[in-house]
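Chemist: Listed below are the residues making up each chain.
2 protein chains.
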Amino acid sequence: MTETVGFIGLGIMGRPMALNLVKAGYDLVVHARRPESMAPLAEAGARTAASPAAVARDAAIVFTMVSDTSDVEEVILGPEGVIQGVRPDAVVVDMSTISPSSTRMMAERLRAAGAAMLDAPVSGGEAGAKAGTLSIMVGGEPADFARVRPLFEAMGGNVVHVGPSGAGQVCKSCNQIVVGATIAGVSEAVLLAQASGVDPRKVREALLGGFAGSRILEVHGLRMIEGDYTPGFKSRLHRKDMRIVLESAQELGISLTAAAMVSEWLDLLVEHGLGEEDSAAIFEVIRGAVGET
Amino acid sequence: MTETVGFIGLGIMGRPMALNLVKAGYDLVVHARRPESMAPLAEAGARTAASPAAVARDAAIVFTMVSDTSDVEEVILGPEGVIQGVRPDAVVVDMSTISPSSTRMMAERLRAAGAAMLDAPVSGGEAGAKAGTLSIMVGGEPADFARVRPLFEAMGGNVVHVGPSGAGQVCKSCNQIVVGATIAGVSEAVLLAQASGVDPRKVREALLGGFAGSRILEVHGLRMIEGDYTPGFKSRLHRKDMRIVLESAQELGISLTAAAMVSEWLDLLVEHGLGEEDSAAIFEVIRGAVGET
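The listed protein sequences derive, respectively, from chains X and W. Heads up, the first sequence is in numbering that gives the first Met the number 0, so the first residue is 0 and it goes up one at a time. Heads up, the second sequence is in numbering that gives the first Met the number 0, so the first residue is 0 and it goes up one at a time.
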């Protein structure tokens, strides 16, 4: 615990994750674009830095948790980016959800600078970040994973080393496909029940015990039935993730029909002003309440 | 247990279900089109009858477990059907998976003859039928459900009264939609992992703990990874059930895009001689190994 740990990006997810590292006793140096985002960390005892490069100069392990591929590229490779200050023995750990191919490119660039990179996207949302129970899907070298593992365990409950660089991001893409397709199936089941005059609560209850059972049926099924789309996981973020999925599919020359369908429905939600709602709101598109009229 | 119970249809599902009723101490009279299907029940102590009408003349509760809507219509309404012999106080319980609207029509016809009908399709397959752990989704009047409940509990583990006549079939349709869409999502995730050079076993392991977790990811995901499609639940039966789903959708004027997609993939499996394989083989269509070349 003598190594200094850097954390860049202190939004809805990054803030509670960084706080869990402070709580676990790590010496933290943090950076965020907006000074007010750094205040809760400073109060908790973390030092603040003026740029990602300044964080990197100070830290043996540098976490990044920002919004999208371009943000991570800016934070790591930009003019004030991590790579400008990174120590030769450092590990940079990106916990954002971004493109696997961009991840591999940045890992190469950091390797040329003598540093290592892990990709470690998470699932479990704000609630999981606060509780320290996130699922963390890690790509990179086993030795680097072993070095960072205790820190992952301060932030998450289910930490899996999936494979080499980019594998964590691929795993996160897989997660978002399965979640999206399951939401679609549950949506169509709820719609069929309602249109048939059958209570969807009873259907959900009957299905939970069998092969149709899932966390999505349990949690998102209830959101659909109650029409309460308090996130959870916002549609605009799920949409962003599905775009990453479809970009990867295009790069790989594979066709992902269900994922493309889910992505279109998320587009419709965002276009109709429902981007801040939980992505269980896909049900509203499927039942015809949102979309073309 | 003094009432005589009838059971018509002694195939892969019906035989073990009827045997569980004999084991529970019920006085059984059975019928099947093929005499050799009746032999195991006769050996276990059941009486045999020459026709569905003959079963109905003898029994206070009559179960039917046959293949498709037209088979149930023949067994219940045909010239030697249950309705020709049904007692005025009897309950006819169809446990086949068939059309909800045909179910309601038959319930009307039986009601006119003074008898009641429950629809009670199951999920859990041959293994669940043998073990007596089927999920049973029941539609019909509460009093009739209460009367038959002890017999359901001799055959199943998760017995839910979903609603009025047809509601059991609607619930089964919902089950098959969710199972199909989840198989599609898991298939695309496995494909993306493999195409990206990431071990799908690791991805499955990482995803099982989170929101993407489901019985389908656990069981069918493994089938896909191992390429072992020993059923389980046969593609041609899942296809039959998805046709019932799409017929209902058409009757109701609703659009079920994911269900239609799953149905097309199941068509392809059957057309390419994979109808006897587990419907997890949808993965073979999605990865491009089965279908148009």
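Some clues are possibly wrong.
One copy or two, either will do: identical chains are not told apart, so a pair holds if it fits within one copy or between any two.
Simulated crosslink set (SDA-like; lysine to any residue; CA at most 25 Å straight-line) [as the list claims (entries may be wrong)]: (1) Lys129 with Asp88; (2) Lys201 with Gly131; (3) Lys129 with Tyr25; (4) Lys129 with Glu217; (5) Lys201 with Glu152; (6) Lys201 with Arg146.
Honestly, the hints are just simulated from the structure, not real lab data.
Chemist: If a hint holds in the structure, say so; if it doesn't, say that too.
Modeler: Taking the hints in turn, this is what the structure says about them:
Taking the shortest alpha-carbon separations for Lys129 and Asp88, neither the intra-copy value of 30 Å nor the inter-copy value of 60 Å comes in at or below 25 Å. Taking CA atoms no more than 25 Å apart as the test, Lys201 paired with Gly131 passes between copies only; the shortest distance there is 22 Å, against 34 Å inside one copy. Taking identical chains as interchangeable, the C-alpha atoms of Lys129 and Tyr25 lie at most 25 Å apart only when both belong to the same chain, with a minimum of 17 Å there against 56 Å between chains. Taking identical chains as interchangeable, the C-alpha atoms of Lys129 and Glu217 lie at most 25 Å apart only when both belong to the same chain, with a minimum of 22 Å there against 28 Å between chains.
Taking the closest pair of Cα atoms, Lys201 and Glu152 come within 25 Å of each other only across two copies (18 Å); inside a single copy the shortest separation is 39 Å, beyond that limit. With identical chains, the CA atoms of Lys201 and Arg146 are at most 25 Å apart between copies only, with a shortest distance of 20 Å across copies and 48 Å within one.
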